[in-house]
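J.: Okay, here's what each chain looks like letter by letter:
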Amino acid sequence: MFENAKMQSIGLNAWFGAKQVLKDINLSVKANAVTAIIGPSGCGKSTYIRTLNRMHELVPNAKRSGQVLLDGQDIYAADVDPVMVRRRVGMVFQKPNPFPTMSIYDNVAAGLRLTGARKGQDLDAIVKRSLEQATLWEEVKDDLKKPGTSISGGQQQRLCIARAIALQPEVILMDEPCSALDPIATAKIERLVIELKRDYTVVIVTHNMQQASRVSDYTAFFYLGALIEFGGTDDIFESPKNPLTEKYITGEFG
Amino acid sequence: MSRIIDRGLEEQSVLITKMAELTYETLALSIQGYFKGKSVQDEVNEMSDMLVAMDDKLEGKTFELIARFQPVASDLRTIKSYMKIGNDFARFGRYSLDISYINEKVNGLKECDSATKVYLGEMSQKVLSMVKISIDSLRKLDVNLAKSISETEREVDKMYLEYLERLIEEDQTNSKCIISSVLITRYLERIADHATYVCESIVYIVTGEKITLS
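Order-wise, the sequence lines are chains D and S. Quick note: the first sequence uses my numbering, first residue 1, plus one each step. Quick note: the second sequence uses my numbering, first residue 255, plus one each step.
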């Protein structure tokens, strides 16, 4: 456990109906670092990150027990507004999902307008800054009025990152953000992930182990809903302690 | 079902095993030539060149495996360590060549007294036994055997330093014996170091621990 953990799950369990998908997860996410979650399909990694911003509870029949702390405060406490949690802990999904009827500009501004967070703020400046941070500004600055879906898949994904950034979250969760992208677009997102950790805490779910080893500082390996091993990415990929981790990352199963 | 990388790893393993065998033969021949006053330089030179060529091939294959398969965990440790061990084996070949060169150019052992000959013979046997330990540990990936090299490594280091001190104290004047014996003890001591590095690499391959055995 880190002294300055940005997020921390303690004895976290999750279910879909009667099926338990997360089992007693104790994991710390360090501030201003990239934490990768790896594991075979169905191991609970996507469910895990969805418990970090209370998206898991949006699924019918989904249940959870245990704590998730954000700066030491339990995000599941009775007096906590889940919308506020999701504002502080943003998410980027597997497939780029810009709002199809909105322009590039409106896609970035949408979150601010919807949550009323723009009060007293210069929307143009926020949109520009968010697109710059998502390394997309130079590519779209003359086309801000064009539909968000008119740009390439990789650009759309960076647009979604800009949309998440616009709300100035503290943590950005990424659920396989490159799985639908080609290698060039993937490389741009990976560079961006490394840039983002200067200002944000990033948790990234990935099937691509080379991606985890390239972009993350810490890696957690999940298997059958349990956290098998967590440690520095260098250690996990060079000398994993658990034989299951070794077998998974060397391709013996998965 | 075997993985695609397994074939490359197997090729590396076969190559490093061949290098190990050639390493031992080269060193043994060189030491034998020295003690028997027999010229083996040409033969050792050829064997040393072969070790260098094999080391180059191993290095090329290492980069190919890294570039094509992005190995991790024990695969990465094995590939990385094989390259390092290949380099250690090439060094064995080079020191063997140095020993045969001294034998050829100075031929000084015959000028030494019998106590010195016995001392150098004993040191040579210890170093050969260390090379054998390093090769056997590699073949079997035996961590305990690899760790057992420490004791002999300390003995060889001690013998080398004691021999230098003895030369200084005795104020020897036989320059041929001195040049030849000082150089051969130095080369033997360096070979012992590299045999120890090989054993350290084996511990790293198996356990992931980076330890010092010297």
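To be clear, the hints were calculated from the coordinates, so they are not data collected in a lab. Every value quoted in this text rests on a predicted model; they were computed, and no experiment measured them. Positions of the beta carbon are idealized from the N, C-alpha and C atoms, including for glycine. Take these hints with a grain of salt, some might be off.
Label-pair ranges, simulated between beta-carbon atoms [what the hints assert, rightly or not]:
| hint | chain 1 | residue 1 | chain 2 | residue 2 | range |
| --- | --- | --- | --- | --- | --- |
| 1 | S | THR466 | D | GLY232 | 36 to 46 Å |
| 2 | S | ILE258 | D | ASP182 | 16 to 26 Å |
| 3 | S | LEU421 | D | PHE2 | 54 to 64 Å |
Going by beta-carbon spacing under 10 Å, a handful of chain S positions derived as facing chain D [unchecked claim]:
| hint | residue |
| --- | --- |
| 4 | GLY262 |
| 5 | VAL326 |
| 6 | ASP329 |
| 7 | LEU330 |
| 8 | ARG331 |
| 9 | ASP352 |
| 10 | TYR355 |
| 11 | LYS394 |
| 12 | VAL397 |
| 13 | THR461 |
| 14 | GLY462 |
| 15 | LYS464 |
| 16 | THR466 |
| 17 | SER468 |
J.: Run every hint past the structure and note whether it holds.
T.: Structure-based check of each hint:
1. Checked against the hint of 36 to 46 Å, the C-beta distance between S:THR466 and D:GLY232 comes to roughly 22 Å, which is inconsistent with it.
2. Look at S:ILE258 against D:ASP182: about 23 Å separates their beta carbons, and that is inside 16 to 26 Å.
3. For the hinted restraint 54 to 64 Å between S:LEU421 and D:PHE2, the CB-CB distance of approximately 58 Å keeps it satisfied.
4. At its closest, the beta carbon of S:GLY262 sits 13 Å from a beta carbon of chain D; the interface hint therefore is violated under the 10 Å criterion.
5. Hint status for S:VAL326 relative to chain D: holds, with the closest Cβ pair at about 4 Å, below 10 Å.
6. Interface restraint check: S:ASP329 against chain D, minimum CB-CB distance 5 Å, threshold 10 Å, status holds.
7. Hint status for S:LEU330: holds, given a least beta-carbon distance of 6 Å to chain D, under 10 Å.
8. With a least beta-carbon distance of about 7 Å to chain D, the hint placing S:ARG331 at the interface is held under the 10 Å criterion.
9. Checking S:ASP352 against chain D by beta carbon gives a least distance of about 35 Å; that is not within 10 Å, so the hint is violated.
10. Proximity of S:TYR355 to chain D is violated relative to the hint, the smallest CB-CB distance being about 40 Å (cut-off 10 Å).
11. Using the Cβ-Cβ criterion of 10 Å, the hint placing S:LYS394 at the interface with chain D is not satisfied: the shortest such distance is roughly 20 Å.
12. With 10 Å as the threshold, the beta carbon of S:VAL397 stays out of range of chain D, its nearest partner Cβ sitting at about 14 Å, so the hint is violated.
13. The beta carbon of S:THR461 comes within 8 Å of a beta carbon in chain D, closer than 10 Å, and the hint placing it at the interface holds.
14. Restraint check, S:GLY462 versus chain D: the minimum CB separation of about 3 Å is within 10 Å; hint holds.
15. A cut of 10 Å between beta carbons decides the hint on S:LYS464: the least distance to chain D is about 9 Å, and the hint holds.
16. About 17 Å separates the beta-carbon of S:THR466 from the nearest beta-carbon of chain D, more than 10 Å, and the hint is not met.
17. The interface hint given for S:SER468 is broken, as the beta carbon of that residue sits about 22 Å from the closest beta carbon of chain D, more than 10 Å.
When each numbered hint is compared with the structure, violations occur for hints 1, 4, 9, 10, 11, 12, 16 and 17.
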